[in-house]
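**Student:** The residues making up each chain are set out below.
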Amino acid sequence: MSDPVPLTTDHPGQVASATPPAPGGSRRLSDRWLAVAFISPALLLLLAMSVFPLLWALYLSFTDYSATRGGAAHFVWFENYTAILTSAQVHLRALTTLIYVVGAVVLQTVLGFTIAYLISRRTHGRGLLTTLFLVPMMLSPVVVGLFWRFMLDAQFGVINSMLGSLGLEQVEWLTRQRTALFSLIVVDTWQWTPFIMLIALAGLTAVPKYLYEAASIDRASEWFRFRTITLPLVWPLLLIAVLFRAIEAFRLFDLVYILTSGGPGVSTETLSFHVYKVAFLGFNTGTASAYGILMVLIVIVLTQLYLRYLNKLKED
Amino acid sequence: MRYPKRIGRLSVPRRKVQLATAAMLLATTMAACGQDDGASAPKAPAAIPELTKDPLTLSFIWFEWPPAQALEAFANAEYKKERPNVTVKVKTVPNANWHDAMFTQFAAHKTDFDIAILDSQHIGEAVTNGNILDLTDFVKKNIDVKAYNPYLLAAYGQFPQAETGKRDENASLYGLPLLGDTWTMIYRKDLIGDKPPQTWDEMISAAEKCQSENPGVSGLAFHQANGSDAAAVTYNTVNGVYGGNLWDAKSRKIEGVLNDAAGQEAMDVLVNKMKPLTAKGSGNWFIDEVNAAVAQGKACIAFNWIAASGGLLDPKESTLGATREEILGKLGFATLPTQKTNLVPLGGMGMHVSAYSAEANQAEALNFMKWFEQADVQKKWAAAGGVPSRTDALQSPEFLNAGPFNKVYADSVPRMRDMWNVPEYARLVDIENTNVNAALNGAKKPKDALDDIAKEQQRVLDSSGGKGGGGL
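Residue numbers (the working numbering), protein chains in the order written: chain A, 186 to 501; chain B, -14 to 457.
Honestly, I wouldn't trust all of these hints.
What the simulated footprint calls covered on chain A by chain B, stretch by stretch (three residues with Cβ under 8 Å from a Cβ of chain B suffice, anywhere in the stretch; the number is not a length) [stated by the list, open to error]:
#	stretch
1	272 to 278
2	316 to 325
3	378 to 386
4	447 to 458
It is worth saying that the hints were derived from the structure and are not from the lab. Here a beta-carbon is modelled for each residue, glycine too, at the ideal position from N, C-alpha and C.
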């Protein structure tokens, strides 16, 4: 019969000590075992909730599996991927998503940075202003979508009512091809500009004061100070904010679902919304999995390129 | 500060950990993918099994609208008299999520509802996947089928789909009627007169005249949204009235059938004659928005589902009068005008027993359905605001006097036509919805939209059960 395994070590300092562990039974519960024991719950959770679904989706993406039709999944290899990459329907949604991402992120970056810059120049009430600006970000996108839907209603919405009082014509914000996508960009910008603002504000606050003092002594103009001190120092941080927002915007679903349902027609259907339809209207699980995997790959590749650019910027 | 060096071998060899992880993932994957459940609907017993005496909650799933609340209140008031230990709960989801909410649970083979209230067109998908019980034997033993209009019984239960207006007595039944429905024409008696327009052309002319004579009031209000089946039902209705067909069910042919001359004419009427008479920005209107336009006095003629029209007579929700009578002095309800045919859309839903519900709940569900389909219960359901399907209940004063639109329903029953009840329904209706919505909102030319619908729907039918890329 083997020696009983001690539950605890007799030497609490052993982990940090350079002394080798005592021979015999205590080696069985080494620091490595303890580490494994401590991280295994989190690891198992990660495996079950993230890694396994991802691997399963990867497996399903090579099959014709349908979650509702049941039956065995038959391998179709790359047919799902080929069909998605060559589908005119997908190309259309990709273009819509691209316009949306570029429009929303550019607008949010310009506005967010401008607001942050203005706030950073204030000495009084900066905290209160920042908090107020952050309110939209704290709301659920579904709630935001619902109240903007009412506000943008062509018949009784407050926006058209205001336009009417200015003598302007009513606009069909959500039911015309161009205005619907524009409305989505505006609503997303309303909600997420504070995020860019927050990050930009952190960057602006971190710019050393002595640089501005030195510039003042040299009688540098406001624009010169902004161009040569403020922007270069805040730029890397701003780019990270842009990265986060671009990834978020790329997978936009909730606002589209609430505000336009992808309409008129399919003109505001983003890639995520299309994946949802493929997955849940026809329950084509295999195709939807391949679609999802492709979207993840696109985000990973673009992020890598972006990060390389950021690193290069840092090195320079 | 220096950190101590790591001493000794790894207590848990990395290779072992990697192998164990891989094995676990593989085992989980195999387990998850191993459900080889060639689907076919399981049979419900002919006789109702013994019912439990323990407290039981019988759950339904439906979408959020007034009949859902009416059903829960009615069932808890009446069914409890027979089964005091049973509480009825009608779970509701937004209309746009209705299909997903039911079928994602079916996909998980575990439902938190016992009775699914399916649209007639969902039956094919549910039957093919084995999600609901086959009630054929149960119906034979417990239900007086002769008490029903055969087509209503078929529409809410039969699969494969019945021919319009008929029932195939040899076909299996998977559900029983819960709520009948169709479109009613709601018209402003004070603006266009007491007599409703009889033909579609007359209706358009009356709406045009009313709109020009009443600034701020639009001629028409109807469903145009691209969610649920909103815009699709609108087009299908006009298609039927103008003599078109949605498909040839026998040959499963859509292209060339839907977009034939009659279909094109219907699309032209809808987009070029009817749409200009609607309110600006109404391109995303569905049930609630149409009702709101009528209640606010902003529409001369509107079309809506009968089951959703009750609120129009509520003075608290209307600007048309301070009392129900005052509102009824201004609002009229009529069957749809005819043109080349007199077809009207079949609405409403049936009750279907979840194949994944517990045995005691399935037994209770069957007992509820047997109880619900009795003549006196159907009359009470009519009085409570429901739309029954039994002929005797439809012709009863309890039903005909319960609402001004109930006679419209009774008169419309022989004129009903349904959409496609096939497993691919969700995709077919989405294609039609998005394209009709695009045509109505100027994102596509009407002819292109109709041709695209026909082409895409045909592709879906032809590729059913095909290889990769399905669903795009």
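**Student:** Can you tell me if the stretch 378 to 386 of chain A counts as covered by chain B, using C-beta to C-beta distances under 8 Å and a minimum of three residues?
**Tutor:** violated (count 0)
**Student:** Within the stretch 447 to 458 of chain A, is the number of residues with a Cβ closer than 8 Å to a Cβ of chain B three or more?
**Tutor:** holds (count 6)
**Student:** Test coverage of the stretch 316 to 325 of chain A by chain B using CB-CB distances below 8 Å; three residues minimum.
**Tutor:** Violated, because only 0 residues of the stretch 316 to 325 of chain A bring their Cβ atoms closer than 8 Å to Cβ atoms of chain B.
**Student:** Given as covered by chain B, does the stretch 272 to 278 of chain A meet the bar of three residues or more with CB within less than 8 Å?
**Tutor:** Satisfied; 3 residues make the cut.
Comparing the model with each earlier hint shows violations of hints 2, 3; every other hint is respected.
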